[in-house]
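Student: The lines below spell out each chain.
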Amino acid sequence: MSLTLQLGIIVGYLLLALAVGLVAYRLTDRTAEDFYLASRTFGTIVLLFTTFATLLSAFTFFAGPNIAYQQGPEWILVMGLMDGIIFAILWYVIGYKQWLLGREYGYVTLGEMLGDRFASRRLRGLVAGVSLLWLFPYVMLQQVGAGTALQALTEGAVPYAAGAGLITAFMILYVVVAGMRGIAWTDTLQGVFMLVTTWVALLWVLAAVGGPGAATSALAENDATAAFLSLGSAYYTPQWMLSTAITIGFGVAMFPQVNQRFFTAGSRTVFKRSFALWPILCVLLFVPSFMLGVWARGLEVTIPAGENVLPAVLAEYTPIWFAALVIAGAMAAMMSSSDSMLLSGSSYFTRDLYRPFIERDVTDRREDLLARIGVVVFATAAFGASLFNPATLFELGDAAFSGFAQLALPVLIALYWRKTTRAGITAGIAVSQAFYLSSLFLAVVPGSYAGWTAGMVGMGLGLVVTVVVSLVTTPAAEERRAIYFEGLGAD
Amino acid sequence: MRRLELVGWITVAVVLSGLAVPWFLWGSSTVVADLPLWLWWHIGWMGLAAIVFHLFAQRAWGIGIETESTDSSDEHGPDRSPRSASGGERP
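If you're matching them up, the sequences are chains A and B in order.
Taking UniProt numbering, I'd label the letters of the first sequence as residues 1 to 491.
Taking UniProt numbering, I'd label the letters of the second sequence as residues 1 to 91.
Read the hints as simulated data drawn from the structure, not as lab findings.
Warning: the hint list may mix true and false statements.
Said to hold, decoys possible - Only some residues are given here: those of chain A computed to face chain B with a beta carbon under 10 Å: (1) P73; (2) G80; (3) Y92; (4) A224; (5) A226; (6) A245; (7) F271; (8) L277; (9) V283.
Claimed, not checked - Over 10 Å on every C-beta distance to chain A, these chain B residues come out as not near it, computed from the model: (10) R2; (11) L4; (12) E5; (13) G8.
Note that CB positions come from ideal geometry on N, CA and C, so glycine has one too.
When you get a sec, could you build the whole thing from the sequences and use the hints?
Tutor: Below is the structure:
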């Protein structure tokens with residue numbers, strides 16, 4: 001019963017998404033700018049939810065409550081600082097400036113924006129290459145997750161490879177047809193869906209267990225969880241909480257599918273309105289989903305090995321159809337995060353690597369075609385890798401947020417400090433990436449420094465190297481040093 | 001004038017980030033109205049942040065980024081009127 005229902009809901013969701021994609025396709029101009037950026041036309045709600053859904057769907061439903069169940073609810077504070085404050089501020093400091101520049105000069109990717117300012121094809125390629133290095137394994141992990149989930153859901157009737165393959169095929173079809181516009185529309189549906197179901201789930205569970213008072217007392221009375229209520233623990237140290245919030249907060253802003261969304265806003269007002277909504281959205285989503293995980297521990301809900309907490313809680317306290325709806329929705333959401341990554345990955349590849357280095361003169365129409373081919377290549381390669389799930393890629397995907405965070409400070413300095421030189425930013429990016437990669441793979445470079453993570457130390461290193469090298473080098477003659485500082489906002 | 005305003009807003013941003021985790025409640029397990037006190041702090045602080053962000057968007061949006069009235073070398077024109085609300089909008 002539950003299986004048929006869950007599969008029915010997933011298939012129903014996919015059909016709905018495809019219908020949305022087809023509507024979006026009919027509205028599409030056949031240009032790369034429209035395919036990647038929906039011609040820079042998004043409104044407040046679509047931009048807010050597409051960024052949010054892209055980013056956090058799987059984490060909110062699965063990994064987040066799992067950690068809360070194991071370690072206590074302090075992750076809520078980390079999320080609040082990371083997404084409610086740091087990312088919101090970057091939304092203005094990086095996002096709004098990028099949007100103005102993108103509108104002025106027609107940029108579609110981060111690499112393009114930097115390459116133009118520093119008159120450097122190599123810098124452009126470096127930024128795209130580094131981004132793809134972290135993005136590719138991250139997409140692979142999503143496919144691994146989806147394949148595994150489908151296998152578990154159908155109790156092996158759909159084997160892992162077939163599940164991951166089906167999902168990849170659907171994603172390719174969807175992204176190639178729908179482009180950014182269709183993806184953002186389904187993201188918006190999902191964002192609303194997630195918000196509503198999380199609250200319904202919370203109220204349902206609390207009603208079943210006798211209210212938040214009873215649930216919290218169960219935490220305090222249970223020996224295993226009595227310490228959960230006090231702020232901080234051996235796991236949640238101040239250094240760890242700050243490192244995590246800062247690296248992920250900055251990393252998010254450099255994740256291609258998020259960074260590229262900075263270019264898609266329809267107007268200045270869209271940015272202004274969505275800015276103030278970030279902290280509110282964080283509270284509305286993370287407090288209920290993480291508290292469900294924590295309370296489940298106090299109530300001694302048993303979690304089968306290797307399974308997620310939220311489905312087990314729902315199975316225990318809510319009707320089967322509701323649990324099925326939430327789980328199916330969460331899986332669909334996981335897939336749609338990958339859609340956005342595929343689209344952005346393909347744009348980084350075609351615009352910043354293929355076009356500058358292989359085929360310089362392409363028409364709009366041809367670039368649009370290349371973009372869609374790029375999606376197929378990227379998704380198929382990630383699927384191929386997911387069949388083997390090699391340890392190196394697994395580790396890279398797992399560390400992707402910190403890897404992207406290494407890009408943030410050199411980019412920020414370039415955006416706000418005129419004296420940044422091409423050598424400075426290139427060195428800042430190269431050194432911090434090299435350092436962080438070494439911390440992952442070389443035993444001689446430690447992963448932790450007095451409680452601070454290597455990701456955090458690498459960010460500091462990138463900052464120092466960018467500034468120092470910029471100070472001791474002179475800008476190349478072709479650099480366009482003024483373009484980030486003049487004529488912005490003029491109309 | 002504008003520069004002072006910029007420093008003010010940067011200070012606000014730092015304070016908002018710095019107290020997003022209630023360090024002064026570290027180790028406290030006080031429960032108020034069925035939830036830990038520090039969780040109430042989080043909820044309140046996010047609400048405050050939303051209000052502050054809204055005020056920023058209304059009063060100072062564009063500061064440090066848009067160039068007409070934020071050029072830091074141009075400190076001698078404090079009487080410049082703020083940009084019209086449509087500044088930066090696509091026509």
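Student: Are the hints correct? Go through all of them and say.
Tutor: Against the structure, the hints:
1. Restraint check, P73 of chain A versus chain B: the minimum CB separation of about 7 Å is within 10 Å; hint holds.
2. Among the interface hints, the one on G80 of chain A holds; its C-beta lies about 5 Å from the nearest C-beta in chain B, closer than the 10 Å criterion.
3. Against a cut-off of 10 Å between C-beta atoms, the interface hint on Y92 of chain A holds, since the closest Cβ of chain B lies about 8 Å away.
4. Here the hint on A224 of chain A is broken, as its CB sits about 15 Å from the closest CB of chain B, past 10 Å.
5. Restraint check, A226 of chain A versus chain B: the minimum CB separation of about 8 Å is within 10 Å; hint holds.
6. With a cut of 10 Å, the hint placing A245 of chain A at the interface with chain B holds, because the nearest CB-to-CB distance is about 8 Å.
7. Among the interface hints, the one on F271 of chain A holds; its C-beta lies about 8 Å from the nearest C-beta in chain B, closer than the 10 Å criterion.
8. Hint status for L277 of chain A relative to chain B: holds, with the closest Cβ pair at about 7 Å, below 10 Å.
9. Checking V283 of chain A against chain B by beta carbon gives a least distance of about 5 Å; that is within 10 Å, so the hint holds.
10. At the 10 Å boundary, the C-beta of R2 of chain B stays outside the reach of chain A, the nearest C-beta of that chain being 14 Å off.
11. For L4 of chain B, the shortest C-beta to C-beta distance to chain A comes to about 18 Å, beyond the 10 Å cut-off, and the non-interface label holds.
12. Look at E5 of chain B: its CB is around 15 Å from the nearest CB on chain A, clear of 10 Å, so calling it non-interface holds up.
13. With a minimum CB-CB distance of about 15 Å to chain A, G8 of chain B clears the 10 Å threshold, and the non-interface call stands.
Consistency note: the structure conflicts with earlier hint 4 alone.
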